[in-house]
Each structure stands twice: as C-alpha cells, then as structure tokens.
Amino acid sequence: MPSQIVSLVVNGERREFIAAPGVTLLASLRESLGLTAAKRGCAQGACGTCTVLVDGRPEVACLVAVETVAGRSVRTLEGVAAGGELDEVQNAFVDCFATQCGFCTAGMIMVAEALLDRDPDPSEADVVEAISGNVCRCTGYRPIVIAILEAARRRRGAVSR
Amino acid sequence: MAKLRGRGYASVNYPTGMNLGGDPSQALIHATTTGTFVISLSSVDLGQGIKTIAAQCAAETLGLPIENVLVDTADTDTGPHCMGTFASRGTHRVGNAVIMAAAEARGVMLEVAAEELEVDAADLETDGTGFIRLKGAQEKAIHITDLALAAHFKHGRTISGRGIYLKEPSAPVPETGEMDPDSCQAHACTAAVVEVDDETGVVEVLELYNAYEIGRALNPAMATQQVEGGAWMGVSHALFETTEPYYPSRDHGPHDFAGYLMPGPADIPVQHSLFLERPAGNGPYGAKGIGEMTANAPIPAIANAIFDACGVRLESMPFTPERVLRGLDALRDT
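These protein sequence lines map, in sequence, to chains H and F. Take the first sequence: its letters are residues 1 to 161, numbered as in this note's numbering. Take the second sequence: its letters are residues 1001 to 1334, numbered as in this note's numbering.
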C-alpha cells in the first residue's frame, strides 16, 4: 500500500500530511505535525498519556490508525490554552499541585476536558471513572481528582457570571 | 465471613546524601543585564521540584522576588557538576550550593549598588520586592533592573557567584567500621488503617496518617506531594506490584500495564499528613532530604495493620489475596 495524504482538523485548523499505511494518530501528531504534548507511554492503549479528543471523545492516539480518522476533528493539549492563556483545567492542575513529573498530565487534562464538556458538574466518582484509564506514578491520584473537581467549579462559575 | 479492620504503624530513619567521594554538587549564578538571576545546574528535575527549591533558596539569599530567578538545568555536559539525583540529596546538596553562589552574587550586587548610590555597601539592605535600599533612608534605593544594567554597561562588573557543597569524606575506622555516612537523617512514622476481607483475602487501605520530621519543609505543598505520592507507591508495593510471577513459571509474570497491577484512582486511601520542623544545622535553611523515604513506612505499617485485623503475619510483598487466604488457612490449622 502506498502512503497517502491525510487531512485532519487539528485544534480548529485544517492540516494535511503524508501518512504511511497504518501509522498511528499519535505518531502523526508528534512526528508529522510537531505536536508533542501527547506522549508515547506504553504504545498499547494501557497508560492513557497519549489521549487526545477525536470529535470531542477521548481516544488513545497510540491505537488509532490515522487514516481511520481522516477528515475528523482532533483536539490536543496544544489547543486547550487558547491564545496562550491556560484554561480552567490547566490552572486548577497548577493550583492544586496535580502534576509532578508531568508525563501523564497531557492525557489527564484531555480526559478532564472531555468529561467537563459533557458533564459540567461531575461527582467525585465520575472524575475517578474518567481518569481510570490514565496511569500516574507520582501523585497518588488524589490531587488530580481534586483539581478536576475544582476546574468544574471554576468553569460553572465562569458560565454563571 | 467478615471484613476485619486493623491498625498498624511503622517508622523510618532515612539518611540525606551519602559519603562516597564527598558527594559534591555545584551551582553557578549570574545576573542578566535586566536583573534576572540565572542559576546553572546539572541537577535534574524529574518532578521532585529541585528547580523550585533552587529558585526559592536563591531568592531568599539574594533578597529578591522569586520571579527574578531562572533555573537552567539544560545540559549536564556544559553545566557545573552535580553527582546526581539520588540518595535524597538534591535539596540538601544543591540548596547549599545555590545559597553559597547566591551569597557571593549578593555581595557583588550590594557593592555595585553602593557605588551607584554613593554609600557604604554595609549600610544597604534588600526589601524583597526588587529594590536595594539604604537602611533608614527608604527613598535612597535602586531597583535590580537598573542596577544590573549599570553593572554591565557602567561599572564593568558581573553580578555572579559560585557555589559548591562538599561533605568531608569520612573513611571507616578499620577496627569498628565506624564512619559518618550521611549529612543528616530525616524521620517519619506512618499509621495505616486497613480492612481485610477474610473470605476473598482482599486488603483495602482506608487511611494513612503520615508524620514527617524533615528539618524545615522549604515548600510545604511540594513536601506534601512527596509524602502522599510516595505513600501511594508504598501502598502499591504493599498490595499490588511485583515483577515476579505469582506461579512458578515466569511466563505468568506481568509484561505490561494490564498485568502489572497498581492501585488506580478508585483505590486511594484518605491521607492525613503533617510535618514536624526541626531545622538541620547543615541543611539549606534547615532542610533535610525527603524524596526516597516516603515509600518506606507505609509498607510495614500495612503489614502490621493486616496482622492487627486478622492475625496473619505476612513477610513477603505484595500482600495479595492469595497470601492472606493462605495465612488465614494456616491460622485455622493450628
């Protein structure tokens, strides 16, 4: 099979690049488009650090062949800080000390964005379930759960104002 | 069949730094022309927070806002030497080296300010907001940005400093083996509350109480991160993690995250953590090391709590349901 030109809408912008057959969405983002926020952890869908949103849904980009999502909308961590300003989730991660080495952080924030997009007022159990596919070695998870609940509060507050 | 609750505790003494070769680390600091102080280090920040601690130590010593400090750990080929990030030594060694470098740079900063303000350097003080002022005459002051520009373009001075921390190497006494192996020791105690299901053998850690004596906690929020993240690792080692197979064949060992078990966000205990601050005489602003010790005490505390709950004394990690059930069977047989 020859390589083909794949088109994606990445963080709101149409991007075209040449993809070898079977190349993953993660490799395309990192190597063809230079977007390195999504990390390659286990490369088998078990650690969650490569999580990006495809049409708003969290996907482990290491398991997605990029040609299967051609033409669709992909959101990465680079698209979260609009105009260079951190959003509520990112600021809550900073304020709640929810990051240490940072390797899981991009994936954690993307699943949090997807959760808050569909449920602005999640319970603690909802947050735990949302991040249950993402592995963190440093924090013990508690600060991450607290940060996402705090981000939800802040985002609801911003909407009501 | 019941869920049995138990409590146990364990304590740990942990050395800060090591003895071999003196265990040195260096730091260099210099001011840019706009008054940002760049600390060059070869010490690596892998999430433990050494860049933040180095910046805090420098800002405190210089008497400037932390925003005026930039930490550069980019290159171990070209940076001043550091032995490495191990032995819970970073805060202690690097902190001391940074304080020494920043103290030298502060001396130059005050000398140049004295020339600019036409006063004696001994009469100057820093106010922590970026100004160097004449004591008792608050309007006689210069901002670090103006001062750094003047140092470079007018006085031909570099506002810079060199720092190193070297522990005097200690050879063992041949007859006794006696030596001085570390710089100070931190102490901690963890109490664990567990629930043991005597039908399934599953152990759940409900609560951890962590008390740490780490000299002065230079950044209490980050110290808490270390304690609670490390305690999670302890729980993980106590109950889940092993690279060895559960059964004789190594083929049954874990090969990936699906088989290598760790507690997830739904398995975390409630943690209560506090610090007892007894500053160490040779620590940077009194700090001792905290990094590695945090995963230690939770493990024997959990083993003791399991014993308290159901009488099973486990001596091999992890404390799997199978081991708990075999222990309960052995108790019934006796």
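Please keep in mind that the hints were generated in silico from the structure rather than gathered at the bench. Hints may be right or wrong, so weigh each one.
[Stated by the list, open to error] Quick list of in silico lysine to aspartate or glutamate cross-link-like pairs, DMTMM-like style, CA-CA up to 25 Å:
id	chain 1	residue 1	chain 2	residue 2
1	F	K1051	H	D126
2	F	K1051	H	D95
3	F	K1140	F	E1178
4	F	K1154	F	E1168
5	F	K1051	H	E67
[To be verified] FRET-style restraints, in silico, Cβ to Cβ:
id	chain 1	residue 1	chain 2	residue 2	range
6	F	Y1009	H	G157	39 to 47 Å
7	H	R14	F	T1158	44 to 52 Å
8	F	T1158	H	V94	40 to 48 Å
9	F	T1243	H	P21	30 to 38 Å
10	F	E1322	H	R40	28 to 36 Å
11	F	A1330	H	V94	34 to 42 Å
12	H	R153	F	L1331	28 to 36 Å
13	H	D126	F	V1038	53 to 61 Å
14	H	G133	F	K1003	44 to 52 Å
15	F	E1139	H	R15	42 to 50 Å
16	H	R153	F	V1038	36 to 44 Å
17	F	V1202	H	A70	44 to 52 Å
18	F	Y1009	H	P21	32 to 40 Å
19	H	R156	F	L1331	19 to 27 Å
Backbone N, C-alpha and C fix where the C-beta goes; we use that ideal spot for every residue, glycine too.
Exercise for the section: Tell me, in ascending order, the numbers of any earlier hints that this structure violates. Expected result: 1, 3, 4, 5, 8, 11, 12, 13, 14, 15, 18, 19
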